[in-house]
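Participant: Listed below, chain by chain, are the residues.
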Amino acid sequence: MPQISMTVNGRAVSGEVEGRTLLSTFLRDHLSLTGTHVGCDTGQCGACVVHVDGVAVKSCNMLAAEASGSSVGTIEGQAAADGTLNALQQAFQDHHGLQCGFCTPGMVMSAAALLKDNPRPSEAEVRAHLEGNLCRCTGYHNIVKAVLAASGQDVSGIAAE
Amino acid sequence: MPKDSGIGASSKRREDVRFLTGAGNYTDDINIHGQAYVHFLRSDVAHGRIVSIDTAAASAMPGVVRIFTGADFEGVGGLPCGWQVTDRHGQPMAEPGHPVLAQGKVRHVGDPIAAVVADTAEQARDAAEAIGVEIEELPAVVDMKAALAGDAARVHDDLPSNLCYDWGFVEENKAAVDAAFDTAAHVTTLELVNNRLVANPMEPRVAIGDYARATGESTLYTTSQNPHVIRLLMGAFVLGIPEHKLRVVAPDVGGGFGSKIFHYAEEAFCTFAAKAINRPVKWTSSRSEAFMSDAHGRDHVTRIELALDADNNFTAIRTETLANMGAYLSTFAPSVPTWLHGTLMAGNYKTPLIYVNVKAVFTNTVPVDAYRGAGRPEATFQLERVIDKAARELGVDPIALRRQNFVTEFPYQTPVAVVYDTGDYNATMDKLEEIADIAGFAARRAASEAKGKLRGLGVNCYIEACGIAPSNLVGQLGARAGLYDAATVRVNATGSISVMVGAHSHGQGHETAFPQVVAEMLGIDESMIEIVHGDSSKIPFGMGTYGSRSLAVCGSAMVRATEKIINKAKKIAAHLMEASEADIELKGGQFTVAGTDKSVAWGDVTLAAYVPHNYPLEDIEPGLEETAFYDPSNFTYPAGAYACEVEVDPETGKVTVERFSAADDFGNIVNPMIVSGQVHGGLGQGIGQALLENCAYDPETGQLLSASYMDYAMPRADDVPFYAVDHSCATPCTHNPLGVKGCGEAGAIGSPPAVVNAVIDALQSGGKTVAHIDMPVSPSRVWAAMNG
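Same order as they appear, the protein sequences are chains A and B. Take the position in the first sequence, starting the count at 1, then add 490; the result is the number in the working numbering. Take the position in the second sequence, starting the count at 1, then add 8; the result is the number in the working numbering.
Hints listed in this document are in silico derivations from the structure and should not be mistaken for laboratory results. Note that the coordinates shown come from a computational prediction; the quantities given were computed from them, not determined experimentally. Quick reminder that beta carbons are idealized off the backbone N, C-alpha and C, glycines included. Among these hints, one or two may not hold up.
Claimed, not checked - Okay, the calculated beta carbon distance ranges per label pair: (1) Ser607(B) - Ser561(A): 37 to 47 Å; (2) Asp127(B) - Ser495(A): 19 to 29 Å; (3) Asp317(B) - Gln643(A): 49 to 59 Å; (4) Glu659(B) - Gln643(A): 25 to 35 Å; (5) Gly573(A) - Glu586(B): 44 to 54 Å.
Unchecked claim - Some residues of chain A that are not near chain B, with every Cβ distance over 12 Å (derived): (6) Gln493; (7) Thr497; (8) Ala502; (9) Val542; (10) Gly544; (11) Glu556; (12) Ser558; (13) Glu566; (14) Gly587; (15) Asn608; (16) Ala618; (17) Gly622; (18) Gly642.
Claimed, not checked - Here are some of the chain A residues that sit facing chain B, going by a computed Cβ distance under 8 Å: (19) Gly529; (20) Gln568; (21) Ala569; (22) Phe582; (23) His586; (24) Gly629.
Please take these sequences and the hints and turn them into a complete structure.
Facilitator: Listed below in structure tokens is the structure:
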């Protein structure tokens, strides 16, 4: 079985995996980083989005072996060491951008990638970017609002409650 | 000023922190030392006789622990149905068996045939592929009308036909209803389909069975909305495990929407197999498995007729519905097209005569059961569509026609059994007209037309029966369970509180909202109160979360238990201050003696309860813990008015939702932020049903055509707009202590007719005489309707 090694949330890790082992499986089952979720088997739902060398990737669509040598970021690495939420995470809480929480790690990781490339996206750009992340709870209203707020834009005009 | 804590405050959700940091504890995140994994071999044909199952080669594969087939479950009960419907003739419904693993026949694509338990999930999957199954394929029954034909193949050989029941409601009114149609000035008729949907919570189902030989206790970890219901059904009816030897844990659950109410075969299998092999057994559904094993929703075919007099007053409603049950009766399936559907056919209107006929039909498809709204969306859709059609036929304003027929006096006894306790439908319609800026629609339509698009406005009302449900009533209607709920309030020595509740939160925010209620009652900080849910070994026997019932029923139990706490705490405070109990007041977390400056703090009283050194032990027990069960005396009746504006591209038939507005009356509100979020989510699902989603079967073969997100169109962020929602029109529920009605399903119930009404309005504005398009109103259907 292939021996792989990578950096995950700044920590060097290694493991022995089958060739067919997905990155999502490696993170969840080998590293116990269960914040990365798997919600489908066709690469559609986006609950498994992580960052690989700074790029948002659906970790169920990448073999663990492919990520060997890379730097991987997951939802567990987003908050500060003392537990303080980062600005995007805080915006999701402030604007009720999550309900059951299952899609949330992928949403946050995907939105973070958007804001890195496009620090002040329009509503349409946020919606288009999140097309690969399904949420069944929120009707997307408060997710889009949270991402816009996290980018520093005034969301007070968007129907609140 | 908005409140910043207690009832009415938009307290931020405390559960968010763990979900936002990857620290949630969903069932698939649980791994038990030594666990084995199960993979189910599922039928790839819709209907067939099992000739043979050869597991020899598979059993010899690496890591295989044991392979189970239907034969292993011959001594085990089948999955029970929790509701017995009685038909028009007084006969009980047909109730076929539902084995854990198929016995003799397979009846839908996805029916489990065998289960491979192995050391790893991959080994189990690999070995399942090596099982040889010979199936003699039988004709598949898919279409409901065809299923009822005399020569149709039978899904269940031991039943005389594919009819589950033929239900009439109210049967005694049928002749009067028919007579009203004979004398009507106008009759509007509409035939429509309420499309089959898949609930699709983002977390697929998971089950882990564990057995402790030392104690003889079984534990099931499962993705459930109601752990106690699962414990009762599985323990008493399937596996024969008494409650005290069975624990069911539903930890963080990633959405349910009804599909995680029901007791499923995989839960029983994992619990059974864990004992059989003396190892924990884990199953994690793939999404494609979810499509063919989670109970589906809706799937009605309906003909509705609305009779009006010469003044446009509604005089009668008559409906005929075929309701798909699928291949087996899921846990609450029979109640959905009957008691959750027929009883809502009055809607918001004072129609005096109503008759509802429902034929429930077995087909070779996945079982159909409650999905967000459950019966009420089906009632609302047909009623609000036929009213819109009538308005168009009569040339009257659809809002005015509704207003003219509104129920305006409460309580209101409908002709379909239920009694609306309170409401104000003109107020929600007024509010809707304001927030939807209906006055500005003409200008927006002109702007759309200037860019070559058609614009339509669709409006509708809805009412639902929530706060499910009065046990005495549902017992008479065939429920095999009570529908109360329970809460235990445990005040700890230092004054913090654990509240153990029967309701289960899988996105609804109970961990935040429930403490707001207790904090308000006691005058202490919300952060001192913690909600415990989801573990049958920790919580009292409650019935879980569905039917927008959590706050109305379990919240009421929590209020009652907290009232008991206050009463006892006042006794203790009276003793500590050497005052009369009748003079004790509790305010802001302080107990005071009326008319004096004497006071003791909340913490002084709680400490005294647990350190009873100076304590009237002869009069009061130590400790401060109370339980209450609450059984509602009526349903609650949330209601509202919704408006949708769409743009239709006449070149492609593509429909875009430009605006959506919802004015709801939920009674009193505990956390406005959470309530709005619930409405948003319901709207997303309702717009999904109206425009995108469809669970499709091949009508000949019974193959499931939409078994992944490649084929089943889920609503995405760019399919929906920002919504305008309002719940300021509040007529508090008259019969529960919080005056709350429930808000979880409204959006999904109220939104599909608004969308379709808007599309029809858009097409009519373009000169097309299109009366109806079935959901999902896809570009191809719209284009076909326009180019007919």
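Participant: Determine whether the non-interface label on glycine 642(A) survives the test: each CB of chain B must be over 12 Å from its CB.
Facilitator: holds (19 Å)
Participant: Confirm or reject the statement that glutamate 566(A) sits farther than 12 Å, beta carbon to beta carbon, from all of chain B.
Facilitator: violated (4 Å)
Participant: Closer than 8 Å between Cβ atoms is the bar; does phenylalanine 582(A) clear it against chain B? Give me holds or violated.
Facilitator: holds (6 Å)
Participant: Against chain B, does glycine 587(A) keep a CB gap of more than 12 Å to every residue?
Facilitator: violated (9 Å)
Participant: Could you say whether the range 49 to 59 Å given as a hint is met by the Cβ separation of aspartate 317(B) and glutamine 643(A)?
Facilitator: holds (55 Å)
Participant: So, as I understand it, the hint says glycine 629(A) touches chain B; can you test that by seeing if any CB pair is closer than 8 Å?
Facilitator: holds (3 Å)
Participant: Taking the Cβ atom of serine 607(B) and the Cβ atom of serine 561(A), is their distance within the range 37 to 47 Å?
Facilitator: violated (59 Å)
Participant: Holds or violated: is the Cβ of alanine 569(A) closer than 8 Å to a Cβ in chain B?
Facilitator: holds (5 Å)
Participant: With 12 Å as the threshold, tell me whether glutamine 493(A) passes as away from chain B on beta-carbon distances.
Facilitator: holds (18 Å)
Participant: A cut-off of 12 Å on Cβ-Cβ distance, and glutamate 556(A) was said to be off the interface with chain B. Does that hold?
Facilitator: The assertion about glutamate 556(A) holds, with a minimum of 18 Å to chain B.
Participant: Classify the hint on glycine 529(A) as holds or violated, based on whether any CB of chain B lies nearer than 8 Å to its CB.
Facilitator: Since chain B brings a Cβ to about 5 Å from glycine 529(A), closer than 8 Å, the hint holds.
Participant: Holds or violated: is the Cβ of glycine 544(A) farther than 12 Å from all Cβ atoms of chain B?
Facilitator: holds (19 Å)
Consistency note: the structure conflicts with the earlier hints numbered 1, 13, 14, 16, 17.
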